[in-house]
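Could you put together the complete structure from these sequences and hints?
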Amino acid sequence: MVAYAIMSMLEPDYRWLEGDVLQIAPRILGWELESQAGGATTAGRIVEVEAYHGTNDPASHAYAGRTPRTMPMFDIGGTVYVYLSYGIHACMNIVTGPAGEASALLIRALEPTQGVNIMAQRRHTTALAKLTTGPGNLSQALGITVALSDTRLGTVLSLRPPTTPTPSLSIAIGPRIGISRATDYPWRFSLKHNPFVSPPRM
DNA sequence: AGGGTGATTAGG
DNA sequence: CTAATCACCCTC
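Numbering (my numbering), first residue to last: 5 to 206.
Be a bit skeptical, because a hint or two may be false.
Label-pair distances were calculated between CB atoms; the ranges are [said to hold, decoys possible]: (1) G178 <-> D24: 16 to 26 angstroms; (2) L173 <-> M75: 37 to 47 angstroms; (3) G42 <-> T187: 27 to 37 angstroms; (4) G69 <-> E22: 15 to 25 angstroms; (5) A68 <-> H197: 31 to 41 angstroms; (6) T149 <-> T129: 17 to 27 angstroms; (7) T117 <-> G43: 15 to 25 angstroms; (8) P179 <-> Q27: 11 to 21 angstroms; (9) P102 <-> H128: 38 to 48 angstroms; (10) R185 <-> M206: 15 to 25 angstroms; (11) P203 <-> T149: 22 to 32 angstroms; (12) D17 <-> T168: 15 to 25 angstroms.
FYI, nobody ran anything at the bench for these hints, they're computed from the structure. Backbone N, C-alpha and C define an ideal beta-carbon position, used for all residues, glycine too.
As structure tokens, then:
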């Protein structure tokens, strides 16, 4: 009992990520994504995500079934899935749902909260607006690489809840960006009027 | 609007 | 082995 209480304090509870990805997507806005990668603490509030809905979503990497790369997507909610895009950009996803479902949220933009100087060094710019906007850019800022794929939230990467809940009226919903299939699904979620959301803003 | 960049995947 | 395809980003 005591051991369980201590474990609960040390390990944040990510079981809420085992639900439906389309329910979780708006809820995760406002949460802080914190990284200990590279021996420094960097973090930002999540302001934009896209939902990828398992093996039935033509735009999802899981659509083709289980492959070596996408294996983490088939693990339980709270697993981290990072893939390399166009040979350059590491893009980070948080897996949702039960094991076998392969749904995930692509983190598309953050509002910087911790380690701004380090992020500026890694991004080779001091422009705050360019640090953590776009999935490849935020990974570079937080030191996220494909080496972190198939890890679990609560190790190198972790989530911290928002201080105030996000009103549903302040959430914009629209089609996903940069895909060639299922382009009409309204599965992109962002905070309205937030300057760190990637273009096109909604 | 166009191109760099290289892993990943299916197909021969 | 080859070739196509990319859940991107920067510069022009």
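May I ask which of the numbered hints given earlier this structure violates, with the numbers listed in increasing order? Result: no hint breaks.
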